[in-house]
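In case you want the letters, here they are:
2 protein chains.
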Amino acid sequence: MGNEPKRERRDAARNRRAILDATDALLAEFGADNVSIEQVAAAAGVSKGTVFHRFGSKAGLMRALVVERAHALRDAVVGGPPPLGPGAPAAERLLAYFDEMFRLVVDNVELMIAYDKATDDPHTEAIHAFWYGHIASLLAEIRPDSDAEVLARVLLSTLNGDLVLHHIRTGQTERLAGAIHGLVESVATRPD
Amino acid sequence: MGNEPKRERRDAARNRRAILDATDALLAEFGADNVSIEQVAAAAGVSKGTVFHRFGSKAGLMRALVVERAHALRDAVVGGPPPLGPGAPAAERLLAYFDEMFRLVVDNVELMIAYDKATDDPHTEAIHAFWYGHIASLLAEIRPDSDAEVLARVLLSTLNGDLVLHHIRTGQTERLAGAIHGLVESVATRPD
DNA sequence: CCATAATTTGACCACCAGTCCAGTTGAGGA
DNA sequence: TCCTCAACTGGACTGGTGGTCAAATTATGG
Chain X
1 MGNEPKRERR DAARNRRAIL DATDALLAEF GADNVSIEQV AAAAGVSKGT
51 VFHRFGSKAG LMRALVVERA HALRDAVVGG PPPLGPGAPA AERLLAYFDE
101 MFRLVVDNVE LMIAYDKATD DPHTEAIHAF WYGHIASLLA EIRPDSDAEV
151 LARVLLSTLN GDLVLHHIRT GQTERLAGAI HGLVESVATR PD
Chain P
1 MGNEPKRERR DAARNRRAIL DATDALLAEF GADNVSIEQV AAAAGVSKGT
51 VFHRFGSKAG LMRALVVERA HALRDAVVGG PPPLGPGAPA AERLLAYFDE
101 MFRLVVDNVE LMIAYDKATD DPHTEAIHAF WYGHIASLLA EIRPDSDAEV
151 LARVLLSTLN GDLVLHHIRT GQTERLAGAI HGLVESVATR PD
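One line per chain: the protein sequences are X and P, in this order. The UniProt record's numbering numbers the first residue of the first sequence as 1 and each following residue consecutively. The UniProt record's numbering numbers the first residue of the second sequence as 1 and each following residue consecutively.
I should point out that these hints are in silico values taken from the structure, not numbers from a laboratory. All the pointers check out, no bait thrown in.
Any copy, or any two copies together, can satisfy a pair, since identical chains are not distinguished.
Think about it this way: if two alpha-carbon atoms lie no more than 20 Å apart in a straight line, the pair counts; the simulated EDC-like pairs of lysine to aspartate or glutamate are:
1) Lys48 with Asp24
2) Lys117 with Asp33
3) Lys58 with Asp120
4) Lys117 with Asp107
5) Lys48 with Asp21
6) Lys58 with Asp33
7) Lys48 with Asp11
8) Lys58 with Glu68
Whenever a hint applies, use it, and build me the whole structure from the sequences.
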């Protein structure tokens with residue numbers, strides 16, 4: 001099928017990048033709670049109107065950044081080498097996914113928090129559908145007895161931005177990584 | 001030790017109740033995202049200044065409501081009959097706690113979401129310390145090999161307001177209850 | 001070089017959490 | 001009973017937010 005029906009004008013594309021980069025920089029510098037669209041616009045060298053014209057809303061801006069950051073992981077899961085990609089046993093793929101996703105969240109905590117705060121109902125977001133589907137299908141394979149669909153959401157809620165941020169701030173990032181890894185492992189490892 | 005050093009004036013106490021009740025009603029009617037302090041004040045028949053004088057901030061108001069709602073469960077855990085209270089095996093107490101806490105969240109979803117949104121760093125809140133401590137001590141008893149402190153936080157993040165609300169809205173409350181119960185069970189049941 | 005549609009601007013809006021102080025009121029002591 | 005004063009209350013005010021919009025500008029294909 002065709003790609004995008006219409007190209008983006010060159011200045012528009014340039015501004016889109018500038019806005020995304022500025023957002024990321026400001027989030028890292030001031031934290032999710034202290035970044036407004038006006039600030040972003042100023043830092044990107046455009047006006048507030050441009051940001052809204054491009055991304056629709058604050059939620060849209062954050063969503064765009066999240067999608068961008070998750071793109072590589074998505075590709076790796078869908079067509080990359082095992083254990084992340086197809087080929088490895090489901091349990092290993094599941095663990096690899098959670099490990100990698102955890103790093104993604106750690107590297108973009110403020111973004112994740114800003115995204116959550118700006119988004120009304122995160123669980124209906126299209127982005128999440130892919131992850132839920134991926135996890136659920138692996139879980140269904142590992143433990144056909146379980147309610148894989150819901151369990152996927154429950155396990156993913158573990159990668160909560162606030163939880164991760166707290167452990168980063170208290171220097172317990174690796175402890176948290178271990179705990180989540182262990183939890184997923186205890187689900188992926190059949191007890192009976 | 002003494003109780004509160006000074007009593008609250010009668011009108012103040014009456015207004016406190018009116019504000020708390022109004023908040024609860026508005027949350028139930030309009031949802032966490034559509035309730036402002038001004039609305040609360042109007043519904044309670046007081047002015048905005050009074051609300052802030054009494055509760056300090058929006059976060060303080062939500063915190064007060066959460067504390068109130070959690071009070072009964074706290075008492076039951078600390079001195080009530082088993083399996084919630086002391087006396088039952090740790091694994092049973094843990095499961096009973098999660099079941100009960102889940103109901104608490106379900107019955108107060110909008111409040112939980114409003115509380116989360118208004119609170120800057122939930123993980124440093126005094127309220128949570130008690131729950132984390134309770135869960136961690138049970139976990140430490142059940143699985144001395146695990147990192148009980150962090151695992152407690154991870155498991156509790158599962159009772160996330162957004163996750164619960166989504167399942168309520170889609171009529172999957174019991175499925176979610178089952179999934180969380182199963183997850184806690186698989187941790188509380190030693191696999192080795 | 002022109003026509004046109006996409007893009008950009010910045011003033012504008014409604015709303016919100018939180019502040020502040022002047023005025024009111026309840027409660028205990030004389 | 002009344003008086004005093006601390007506690008409480010009202011409501012105007014501030015600073016800042018996400019979001020809108022019509023008019024001006026500019027890139028681009030022909």
